Amino acid sequence: MLELRHIKRIYKRIKRDIQYNLQHENIARVFELIDTYADVSQRINDIFRDDDIEKWLEEIAEHYIHVTENESTTDCKKVIFYDQIGSTVCLSLQYIRALIANGYEILYIFESTCYSLYPTLRAELESHNIGIYSFNSDIRNTKTVLSLAKQVQKVILDFAPSKLIIHSPAFGAFGASVLYSLKGITRYRIVPGDHHFYIGYNCIDYFLEFRNFGIKVATEERHIDRKFIFLLPYYPIIDKFVDFQGFPVDIKNKICFAAAGAPYKFYGSDYFFRFSKWLLHTYDNCILFFIGSYTKDLKSFIEKEHLENQFIFLGYRKDFTTCIQNVDILINSYPRSGGLVCQTAAYFEKPIVSYTTDNDATSRSVRAILGAEKNDSSISFTVESELKKYVDNLIFDLSFRISEGKRVKSMLQTKENFDSRLEDILSNKIKPDSFVDNRTCNLDNRKQIYIQLQNYFLPTILEGLVKCYGVSLFWKIPSLCSFVMVHHRFLFKQFCANYLKKLPKFIQNAIREKFKKSL
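For any residue, its number in the working numbering is found by taking its place in the sequence shown, counting from 1, and adding 26.
Since the hints were made in silico from the structure, they are not lab data. Hints may contain errors.
[To be verified] Mimicking DSSO-like on lysine-lysine, the simulated pairs with C-alpha atoms at most 30 Å apart in a straight line are:
| # | residue 1 | residue 2 |
| --- | --- | --- |
| 1 | LYS303 | LYS291 |
| 2 | LYS344 | LYS280 |
| 3 | LYS176 | LYS104 |
[Said to hold, decoys possible] Per label pair, the in silico range of CB-to-CB distance:
| # | residue 1 | residue 2 | range |
| --- | --- | --- | --- |
| 4 | LYS457 | ASP418 | 44 to 54 Å |
| 5 | ASP251 | CYS102 | 21 to 31 Å |
| 6 | LEU30 | PHE422 | 24 to 34 Å |
| 7 | GLU85 | GLU247 | 21 to 31 Å |
Treat the numbers as computed from the prediction; the structure is a model and nothing was measured. Even for Gly, the Cβ is constructed at its ideal location relative to N, Cα and C.
Required output: the full structure, derived from the provided sequences and hints.
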């Protein structure tokens with residue numbers, strides 16, 4: 027079984043390689059290694075910050091890009107939106123529209139290393155004549171990548187903004203080094219993934235968290251001072267729908283439930299299966315549509331409980347939005363709550379059936395996902411028997427179902443509130459929020475679940491490491507390769523087919539022997 031000790035060896039190996047390449051001034055390779063380190067770390071989340079990584083990024087900014095002072099005045103309404111994601115699935119479009127509504131002059135910078143600019147976002151920018159500076163930082167030549175970093179720095183300084191907002195995933199070493207080189211610009215970071223590790227926190231002046239769980243992680247795990255953190259819940263963007271493709275079964279006179287999300291959101295608890303079994307065995311007029319991956323656990327559950335006619339797998343649907351629009355009730359994922367799924371359901375006034383636990387309520391609160399500010403606006407249940415009574419009422423009482431849908435929608439953050447609050451933050455009209463939900467966040471339990479998830483979905487770690495190290499992964503991190511060889515033979519065969527066969531036979535045999543000794 028993959029354990030934390032294996033992960034720590036990976037950390038150690040990558041950091042050793044970062045230091046080596048930094049000493050030899052191979053900065054392009056340093057960026058690649060730092061991004062790989064961040065990618066592994068954000069999948070395990072046993073750490074939430076790494077001061078060594080920040081120190082090296084700052085050194086690159088000082089010695090190779092050179093720190094430069096911005097000449098803009100602090101009260102001008104010019105802002106850089108530095109985007110390393112570029113998708114409306116995250117938060118780019120909400121922020122761009124808010125900046126437009128508040129009269130800011132915007133320069134949109136898109137670092138297109140891993141993502142492509144979403145068409146809806148591009149159309150929004152072009153319709154308002156917003157300048158777009160786009161580039162690809164996935165460069166393996168140090169002279170070229172440093173020249174690009176200086177060019178990006180110049181573009182920013184020539185625009186002379188008073189503020190810069192960065193929208194970034196866990197990685198993004200190139201962008202972080204550019205931000206470290208900028209002085210005299212107030213830098214804000216949108217935090218779309220508050221539950222995981224990310225780099226570049228020391229080059230940020232203020233952090234924009236979307237829920238109190240993120241504030242708790244930022245203060246307790248990242249050790250960021252509370253006075254630099256703002257709470258800004260976001261709202262769902264539902265502009266245009268893909269035409270509804272229909273359901274594969276007749277739903278006439280049926281009560282339709284939906285559940286959706288990646289497999290990891292349901293991993294670590296049998297609650298979802300227990301609840302689904304109770305619901306569908308109790309009410310033969312109910313159908314549950316599942317939108318997501320068809321895992322072997324899901325398949326065996328449906329077959330064992332003979333639910334083929336009630337538990338309907340839809341897969342990943344392009345018409346996801348209209349699928350939610352055409353059901354009656356949403357079942358929230360557990361033990362990790364849905365975000366966009368819950369917001370979409372709320373938008374269409376669909377009641378949300380949500381279970382949580384007292385010892386980790388902050389991270390799973392649907393109220394926090396929706397952006398409700400009232401503490402008494404509860405949705406989730408902590409006692410299963412009470413949750414079942416609630417479901418009974420939703421099924422039997424149409425007027426109650428409608429009123430609950432309206433209540434859920436009333437908790438949803440609105441565009442107007444979002445725009446207004448962002449302006450208050452950027453214009454220094456409000457101070458960081460004093461309110462923090464004091465319910466506990468059981469992070470140790472979550473860390474263990476992430477380790478278990480990587481045993482279940484191991485390729486997610488392997489893919490990034492293979493991309494970074496290639497064939498050298500065999501001898502640089504042999505403990506991981508040994509683990510794959512023993513516990514994931516199919517993956518190991520794929521691995522060998524792609525890499526080992528390229529080596530002479532005697533080297534292949536030596537590598538295999540090395541694996542055995544490292545077990």
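Cross-check of the supplied hints:
Of the pairs offered as hints, the one joining LYS303 and LYS291 holds, with about 18 Å between alpha carbons and a cut-off of 30 Å not exceeded. A threshold of 30 Å between alpha carbons decides the hint, and for LYS344 with LYS280 the separation of about 24 Å falls inside it, so the pair holds. For the hint linking LYS176 to LYS104, the alpha-carbon distance of about 21 Å falls within 30 Å, and the restraint holds. Take LYS457 and ASP418: their Cβ atoms lie about 45 Å apart, and the range 44 to 54 Å holds.
Under the hint 21 to 31 Å, the C-beta atoms of ASP251 and CYS102, about 27 Å apart, fit the expected range. Checked against the given bound of 24 to 34 Å, the beta carbons of LEU30 and PHE422, roughly 48 Å apart, lie outside it. A hinted range of 21 to 31 Å for the beta carbons of GLU85 and GLU247 is consistent with their spacing of about 24 Å.
When held up to the earlier numbered hints, the structure conflicts with hint 6 and nothing else.
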